[in-house]
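Chemist: Chains as they are written, first to last, in my numbering: chain C, 65 to 316; chain G, 65 to 316.
Take these hints with a grain of salt, some might be off.
Chain copies aren't distinguished; within one or between two, either way the pair holds.
[Stated by the list, open to error] Capping the alpha-carbon separation at 30 Å, the derived lysine-lysine pairs in DSSO-like fashion look like this:
| # | residue 1 | residue 2 |
| --- | --- | --- |
| 1 | Lys-90 | Lys-235 |
| 2 | Lys-90 | Lys-280 |
| 3 | Lys-139 | Lys-235 |
| 4 | Lys-299 | Lys-139 |
| 5 | Lys-280 | Lys-299 |
| 6 | Lys-90 | Lys-299 |
| 7 | Lys-256 | Lys-280 |
| 8 | Lys-256 | Lys-139 |
| 9 | Lys-235 | Lys-280 |
| 10 | Lys-256 | Lys-299 |
| 11 | Lys-139 | Lys-280 |
Just so you know, the hints here were simulated from the structure itself, not pulled from any lab data.
Protein chains: 2
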Amino acid sequence: MKDAAFESIQIRDSSLAERTAEQISKLIVEQHLTCEDRLPSEFELAELLNVGRGTVREGVKLLVARNVLEIRRGKGTYIASNPGEIPDPLGFAYYPDQLRLAMDLVEIRGHLEPWVARMAAERANEEDLSILRQACSTVEQDILAERDHSNSDVRFHVSIAKCTHNLVVPKLIPVITYAITLFVSLTESRLKMETLVDHRELLDAISTGDGSRAEKAMARHIEYNRVLMQELIRKMSDSPGSTERSSPEHLL
Amino acid sequence: MKDAAFESIQIRDSSLAERTAEQISKLIVEQHLTCEDRLPSEFELAELLNVGRGTVREGVKLLVARNVLEIRRGKGTYIASNPGEIPDPLGFAYYPDQLRLAMDLVEIRGHLEPWVARMAAERANEEDLSILRQACSTVEQDILAERDHSNSDVRFHVSIAKCTHNLVVPKLIPVITYAITLFVSLTESRLKMETLVDHRELLDAISTGDGSRAEKAMARHIEYNRVLMQELIRKMSDSPGSTERSSPEHLL
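Produce the complete structure using the sequences and hints provided.
Modeler: This is the structure in structure tokens:
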């Protein structure tokens, strides 16, 4: 009984905090605040939104949790640099069947990324190409030094996406490459060498503005990954002790 | 000085809360908890994670803010039904140039959705089709009753995506159709009638399993939207008083 009463207070508070978070968020959009801007003080916000300072604090916490705001040590609360963007925005980590998720993602990558590579070749400027070359080298250095190259691999694919000058495409790549880490973890030297060769071919095609070659290179790169993935999944489902609910750990 | 001290406490608290949130999130994944499951009590979690109940409460709040957990009135804290999925996951609301965003989204839709329509036609089962027919009727009813049909329109496109049986495609549609509301708000009867005709054609093509017809119908549907959008943007940039930072309000 005591618990229930306590909880209803929590709910009331949280919906007020939620409304306050929405109002602060509206303020950010309307006043065109960017990561250069410090959020008005708790006191000012409380006055402006006509709520208590405690409610403002709760609303701010919600927006920090959602990466709309960030607390900078010793400086105060600022607008985040990519407000509202969070890691794993579609909650893939909570999907029960991680292998099916990986296959479904690679299906999307196989359709989306060759098109992205073509646009990249058609639209890249000198600055884009210089960043792309750097990203390509970083993956190579990681692979040759036998370091984990999953992050630099995603950054290479994002750099290609940035060549398109479409605002959204580079945001989608980290979402659909969620599964890269899974396969990089397998660290087969064969896949590593294929990656080096495929990435170089992509870089060359994009640098020379050859859209059709870039599209084909990316299609081949992702198809190779897909086939390898399917092989692994077949092996796993043949092996005893595999459960209905598969998880990346089972792969490693 | 007092403010600075207060803030450093907040930061310490928030990183501890963040680590606790990560541990709770790991627990959900490892124990395969779903929306059927109640989260262990504050007391149990505090014992298990070896932190104070206040820290557990802060960690839970973070996960509620990110839609991993939800508080059900009078029932307690549960795993959310789509854990980790949040509205506007890429933070589009904070993009300074909403018109450029809309054009970049329609570029992606023009590549992705015709492919989705083809897969839908090739893979839909009877249950999928029955849901799709219902979704199509709802849009029609909204349009004929002159109600706002932006939500039902997105649901129709999501229903098509569900026919593919790819887990991720239906999650991407609400992201890339972010701009639909913008254009539905224009309420040109011409666009409404086009929508009715295009949706019916899509439904027919998918129902009869004709992938190529579905792909073409979707391509035409989105291209029509794109051209209309471009016209509007041209009109707006010609009109006086348009600012560098465009926002949806300017369209209405």
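Chemist: Hints first: check each against the structure and report whether it holds.
Modeler: Going down the list of hints, with the structure as the test:
1. Taking the shortest Cα distances, Lys-90 and Lys-235 sit within 30 Å of each other both inside one copy (22 Å) and across copies (25 Å).
2. Taking the closest pair of Cα atoms, Lys-90 and Lys-280 never come within 30 Å of each other, the shortest separation being 44 Å inside a single copy and 39 Å across copies.
3. Taking the shortest Cα distances, Lys-139 and Lys-235 sit within 30 Å of each other inside one copy (28 Å), while across copies they are farther apart (37 Å).
4. In this assembly of identical chains, the alpha carbons of Lys-299 and Lys-139 never lie at most 30 Å apart, being 53 Å within a copy and 43 Å across copies at closest.
5. When the C-alpha separation of Lys-280 and Lys-299 is checked against a cutoff of 30 Å, the pair qualifies only within one copy, where the shortest distance is 29 Å, while the shortest distance between copies is 38 Å.
6. Within a single copy, Lys-90 and Lys-299 get their C-alpha atoms only as close as 51 Å, which misses the 30 Å cut-off; across copies the closest is 27 Å, which meets it.
7. Taking identical chains as interchangeable, the C-alpha atoms of Lys-256 and Lys-280 lie at most 30 Å apart only when both belong to the same chain, with a minimum of 19 Å there against 39 Å between chains.
8. Taking identical chains as interchangeable, the C-alpha atoms of Lys-256 and Lys-139 are never at most 30 Å apart, the minima being 43 Å within one chain and 51 Å between chains.
9. For the identical chains of this complex, Lys-235 and Lys-280 are neighbours both inside a copy (22 Å) and across copies (27 Å), given an alpha-carbon limit of 30 Å.
10. Taking CA atoms no more than 30 Å apart as the test, Lys-256 paired with Lys-299 passes inside one copy only; the shortest distance there is 20 Å, against 51 Å between copies.
11. Proximity of Lys-139 and Lys-280 under a CA criterion of 30 Å is satisfied in neither setting, with 49 Å inside one chain copy and 54 Å between copies.
In summary, the structure is inconsistent with hints 2, 4, 8 and 11 from the numbered list given earlier, while agreeing with the others.
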